[in-house]
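Residue numbers (our numbering), protein chains in the order written: chain A, 1 to 335; chain B, 1 to 335; chain C, 1 to 335; chain D, 1 to 335.
Worth double-checking, as some hints may not be accurate.
You can't tell identical chains apart in this list, so a pair holds if it fits in one copy or across any two.
Stated by the list, open to error - Pairs of lysine-lysine residues, derived as DSSO-like cross-links and limited to a Cα-Cα distance of at most 30 Å, are as follows:
hint, residue 1, residue 2
1, Lys280, Lys225
2, Lys225, Lys133
3, Lys280, Lys302
4, Lys15, Lys225
5, Lys15, Lys280
Calculated directly from the structure, the hints in this document are not laboratory data.
Chain by chain, the residues:
Protein chains: 4
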Amino acid sequence: MKGICVVGYGYWGPKLVRNFAQIASNSVVAVCDESPARLASAQKDFPGLRVFASLTDVFHDPSIDAVALATPVSTHYPFARRALEAGRHVLVEKPLATSRREADALTALAARRRRVLMVDHTFVYHPAVRKIKALIEAGELGRLRYIDSTRINLGLFQHDVNVLWDLAVHDLSIVNFLTAERPLAVSAVAAAHTRGAPENIGFLVLRYASGLVVHVNCSWVSPVKIRHILIGGDRKMVLYNDLDGSEPVKVYDSGYRAHSDEERNRLLFDYRAGDVYSPKIPAQEALGAMAADFVRAIDTGKRPVSDGRFGAGIVAILEAAQRSIARRGKEVPVK
Amino acid sequence: MKGICVVGYGYWGPKLVRNFAQIASNSVVAVCDESPARLASAQKDFPGLRVFASLTDVFHDPSIDAVALATPVSTHYPFARRALEAGRHVLVEKPLATSRREADALTALAARRRRVLMVDHTFVYHPAVRKIKALIEAGELGRLRYIDSTRINLGLFQHDVNVLWDLAVHDLSIVNFLTAERPLAVSAVAAAHTRGAPENIGFLVLRYASGLVVHVNCSWVSPVKIRHILIGGDRKMVLYNDLDGSEPVKVYDSGYRAHSDEERNRLLFDYRAGDVYSPKIPAQEALGAMAADFVRAIDTGKRPVSDGRFGAGIVAILEAAQRSIARRGKEVPVK
Amino acid sequence: MKGICVVGYGYWGPKLVRNFAQIASNSVVAVCDESPARLASAQKDFPGLRVFASLTDVFHDPSIDAVALATPVSTHYPFARRALEAGRHVLVEKPLATSRREADALTALAARRRRVLMVDHTFVYHPAVRKIKALIEAGELGRLRYIDSTRINLGLFQHDVNVLWDLAVHDLSIVNFLTAERPLAVSAVAAAHTRGAPENIGFLVLRYASGLVVHVNCSWVSPVKIRHILIGGDRKMVLYNDLDGSEPVKVYDSGYRAHSDEERNRLLFDYRAGDVYSPKIPAQEALGAMAADFVRAIDTGKRPVSDGRFGAGIVAILEAAQRSIARRGKEVPVK
Amino acid sequence: MKGICVVGYGYWGPKLVRNFAQIASNSVVAVCDESPARLASAQKDFPGLRVFASLTDVFHDPSIDAVALATPVSTHYPFARRALEAGRHVLVEKPLATSRREADALTALAARRRRVLMVDHTFVYHPAVRKIKALIEAGELGRLRYIDSTRINLGLFQHDVNVLWDLAVHDLSIVNFLTAERPLAVSAVAAAHTRGAPENIGFLVLRYASGLVVHVNCSWVSPVKIRHILIGGDRKMVLYNDLDGSEPVKVYDSGYRAHSDEERNRLLFDYRAGDVYSPKIPAQEALGAMAADFVRAIDTGKRPVSDGRFGAGIVAILEAAQRSIARRGKEVPVK
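Required output: the full structure, derived from the provided sequences and hints.
In structure tokens:
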């Protein structure tokens with residue numbers, strides 16, 4: 001990678017600049033934003049940073065061979081398309097696009113132009129999620145039976161996307177990373193408590209051919225912050241608590257077995273089937289690992305983990321969920 | 001009340017005997033069970049206890065004017081019907097029956113015979129739930145926008161009912177107790193991980209005319225025990241954590257308001273909108289309060305909180321949820 | 001054991017009666033109390049229970065060959081002495097006596113009369129404490145370096161003993177059970193916040209020849225209840241949290257090793273040296289195991305774990321701590 | 001303030017540079033370190049930063065009128081003395097010096113030279129600590145009876161100071177900030193588990209004329225990180241849990257009152273005397289507030305909160321504690 005330009009210097013942009021500056025210390029790192037105030041802020045944060053006032057200027061600069069789009073979701077498709085057509089590698093903030101059709105078009109375009117198209121699904125690079133995937137691949141959990149995620153907090157009401165596109169997108173990326181299987185169908189319900197605003201609370205359930213069931217509960221209007229994911233296999237189960245700094249991953253014996261009546265009373269008082277074990281998770285910034293995967297993909301041609309096809313799979317679920325919401329929970333196939 | 005006979009001496013029966021013995025110390029307390037071993041066990045637990053080997057014997061004894069049915073759900077309707085026809089007051093373990101039709105028939109029969117028909121929805125008598133109801137009625141929470149309950153643990157796989165009838169029944173009783181409004185429709189999904197067994201994991205969403213949305217997540221196959229209910233109003237929100245012995249109820253400022261961009265970053269780091277307050281909850285056994293309400297209803301004619309009509313409302317939701325499960329989440333009206 | 005009489009039917013007495021009734025179902029279980037109201041209460045709790053209005057009556061009844069003293073601490077010595085002289089086996093609530101001299105006299109008397117003398121140090125029979133002892137004996141923790149206990153809550157201000165004799169007595173029994181070594185000396189400080197009342201907050205430190213250091217913090221005036229014991233070995237460390245129903249015992253890698261400067265920053269963010277493991281602790285009532293040990297000692301002659309000598313060792317520490325408090329923390333040898 | 005030079009660019013230095021750069025954006029911010037590697041690292045972190053290779057160079061530069069010493073404790077006295085003699089304002093990392101005599105000499109020197117001498121006791125500027133002080137000053141807690149702090153984690157074994165000088169220094173600064181009273185005497189015990197190394201675990205108790213008692217438990221060898229401070233008044237009590245991001249400060253009703261026997265059982269099950277309340281704590285970086293107080297003191301002459309005299313009071317307690325440790329807990333007066 002010769003140089004990267006982070007497009008959009010709002011909440012997420014500064015984090016991307018900082019990570020690319022650390023990871024690709026020999027490359028140009030630049031920022032593009034329409035707002036002169038935000039460009040000034042970027043230069044104060046990072047003295048010596050190159051700035052661009054328009055995407056057109058970026059695409060005229062041959063030292064910039066990659067862009068990272070940290071702009072509103074509705075701009076992802078047009079901006080990424082322009083960048084790919086201008087021969088640039090593209091990193092897009094999650095979600096990749098607003099529809100499966102757009103996502104597929106970008107993936108096809110990137111293939112034709114032989115450019116890297118990647119989505120910043122940061123959780124896929126989180127060391128705790130990677131540890132859980134390793135446990136699953138080693139067979140420690142057995143066959144997966146359910147994944148149940150709660151991702152609720154007191155957050156900003158987004159103006160352009162609802163809570164599923166903002167929060168459940170994280171869970172869906174984790175689910176699609178952990179499992180090889182893809183869902184057949186989704187049932188979703190959501191509610192908006194401000195007239196005309198996007199839904200601020202939402203629930204979705206995914207159905208799979210294997211019997212696996214995935215449930216996601218997400219909300220911007222919870223007074224407490226919870227980020228729990230339960231992953232239930234028939235041998236072991238995992239609790240991933242993203243807010244537990246010391247024991248984010250706990251591994252439990254599974255309770256899937258025949259219970260006699262005598263076992264009932266014991267379990268009712270025990271709550272536990274066996275030992276619990278909390279593996280050490282290396283302290284490592286997920287965003288840095290994501291940025292490194294993008295740079296490596298450009299430099300070596302190695303496919304990044306959350307490439308365009310991966311991102312398109314998540315958009316497909318979100319789009320189907322949106323249709324299910326409009327039908328008050330009626331199951332909609334995921335194509 | 002002259003005397004009460006607890007029918008069924010399994011897991012719950014002994015608790016009922018102990019509570020009635022304490023509350024109605026001048027009344028006869030008896031046990032009926034088909035199993036001689038369980039009757040012997042009852043007499044060992046409570047020396048001097050009267051026992052019956054059959055319901056017929058109970059109904060021949062004029063000193064027993066009330067029965068409490070702690071028997072499998074499928075027996076609730078036939079046993080309660082026989083008891084009411086024999087002129088006895090009836091307390092039924094939750095749920096009241098397996099269908100709205102049965103529940104209504106029992107309610108009508110009790111009215112004709114002028115007998116008390118009550119359902120043991122214990123949580124309705126829990127001091128924490130009563131405190132939350134008082135907060136709602138005092139207007140402290142403002143207009144209710146959502147209720148979100150998670151009731152998961154490692155439990156016994158029931159043989160006759162699924163996890164919604166076993167666990168969500170508690171949440172529905174709390175919801176119908178806290179709110180005056182009744183749901184229009186339910187969307188539910190559930191999964192059974194043992195072939196031929198009842199569903200062990202289930203999710204349901206209730207829709208209301210006011211815009212209120214209720215979500216319930218329940219499971220017998222979670223490695224951790226969680227009993228969280230979030231009650232979100234537009235002024236305040238409540239977290240009811242049934243497993244927190246010292247602060248089961250916490251009251252938070254609501255986050256329902258317009259957010260500026262500057263507020264976003266602050267909230268992202270704060271997680272909190274204002275002060276938090278945890279009211280003192282009196283230490284009082286819910287089951288004892290329930291038993292006392294039954295005795296009071298018999299002795300004074302005062303309507304019990306969880307009477308037949310209340311219990312029938314919950315059966316109606318469960319029955320509609322069951323139909324929604326069969327249609328993979330399609331919304332079903334609650335009649 | 002032919003029969004046991006529980007002397008004193010206050011807070012602890014009913015628990016002893018219940019446990020002995022379950023464990024020694026073929027023995028007589030009786031209660032002795034000066035208060036007719038308490039005797040009536042005992043008979044209501046346990047229909048058919050034999051009661052005695054005086055110790056003299058108890059000692060005249062040949063069917064009672066054992067007594068359990070659940071009376072104020074100041075009575076332990078005179079009552080236990082009378083019981084041993086009357087040829088009875090004796091179980092005494094903790095602590096055994098108010099001084100090492102009294103404790104030794106009782107131990108010697110029991111030996112001469114060939115009767116069982118035992119102290120109810122319940123924690124010694126707790127399955128979590130037993131599990132920790134097994135870990136220590138298996139060498140898993142390595143050499144013990146420190147034990148640090150916090151036992152604080154909002155409790156009753158006792159009238160006859162201070163908070164060390166009431167609460168630290170538990171920690172000292174656990175410490176003396178877990179370690180073969182006995183302390184050389186104690187330094188203690190305590191404070192009474194009500195004029196003329198026993199100290200309600202206290203701290204003690206034990207010094208050992210091996211370098212082991214034991215610290216106990218106990219209080220009746222904490223708004224929160226904490227029962228943490230940290231046991232630090234040079235290989236592993238244990239956190240025993242008596243209030244954590246699901247993971248009371250956690251085993252951690254030890255941090256005892258040379259740290260480089262690079263390790264500093266890592267540890268500051270990690271808080272963790274390696275995996276954590278929480279062994280399954282069997283759900284078993286400690287008081288029942290204690291009662292069973294007493295009955296077994298009478299029936300078989302097997303020495304109970306918390307015999308008179310064990311109890312005397314704890315009284316010796318408490319007595320030395322008392323002297324250290326009077327000298328404002330000056331170290332006092334434990335004899 | 002014209003310009004400030006941060007002396008020592010190890011663990012804490014970068015934090016000081018970042019804060020002074022933000023707070024005093026019109027002032028020069030420079031770094032002094034003997035190590036060329038660390039100076040290069042500073043310039044990479046902060047492009048354009050001025051650097052000095054020796055203190056002598058700093059004192060020859062008239063644009064630097066203040067220094068911040070982030071160097072080992074043993075250098076605090078000689079470096080601060082040179083800086084004051086060179087007419088510079090001085091901020092010293094905690095603790096101010098290694099003895100009361102040194103601390104007093106620096107305070108007197110600063111007064112004579114009319115320069116600001118301040119110690120970076122960061123916790124004194126923490127919004128949670130400030131909130132607790134406001135509660136105390138408003139009389140909400142009533143008369144203070146005890147402060148009990150636990151500050152334990154898995155930390156670096158310092159080479160030059162023991163755990164009390166490294167960790168308890170924080171608690172002592174909080175205690176001296178919250179209370180107007182100063183301790184009469186200290187009793188302390190500590191243990192070193194590595195031969196020849198400073199003590200890694202330590203306990204101290206402070207005695208006050210009013211009856212207040214302060215207890216501090218600190219350790220570098222705990223497998224879990226705990227930062228609890230209990231502040232007990234006779235009206236209310238506070239739990240300050242520095243690791244609880246959402247409810248760091250909780251206010252409880254006090255349990256200081258006469259207890260009847262009936263209250264005993266209730267309290268044993270309740271654990272709570274009344275409502276609990278957790279005030280909203282503003283999210284504000286303590287280090288920034290500290291840096292701002294230093295700049296304000298230079299610019300306006302306003303006395304900083306943690307000035308030399310404040311810092312000397314804490315050194316006095318630590319020095320007395322050190323003597324008490326050498327005497328195995330014997331109480332030593334704090335002068």
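Here is how each hint holds up against the structure:
When the C-alpha separation of Lys280 and Lys225 is checked against a cutoff of 30 Å, the pair qualifies both within a copy, at 23 Å, and between copies, at 15 Å. With identical chains, the CA atoms of Lys225 and Lys133 are at most 30 Å apart both within one copy (25 Å) and between copies (24 Å). Taking the shortest Cα distances, Lys280 and Lys302 sit within 30 Å of each other inside one copy (29 Å), while across copies they are farther apart (44 Å). Taking the closest pair of Cα atoms, Lys15 and Lys225 come within 30 Å of each other both inside a single copy (22 Å) and across two copies (28 Å).
When the C-alpha separation of Lys15 and Lys280 is checked against a cutoff of 30 Å, the pair qualifies both within a copy, at 26 Å, and between copies, at 28 Å.
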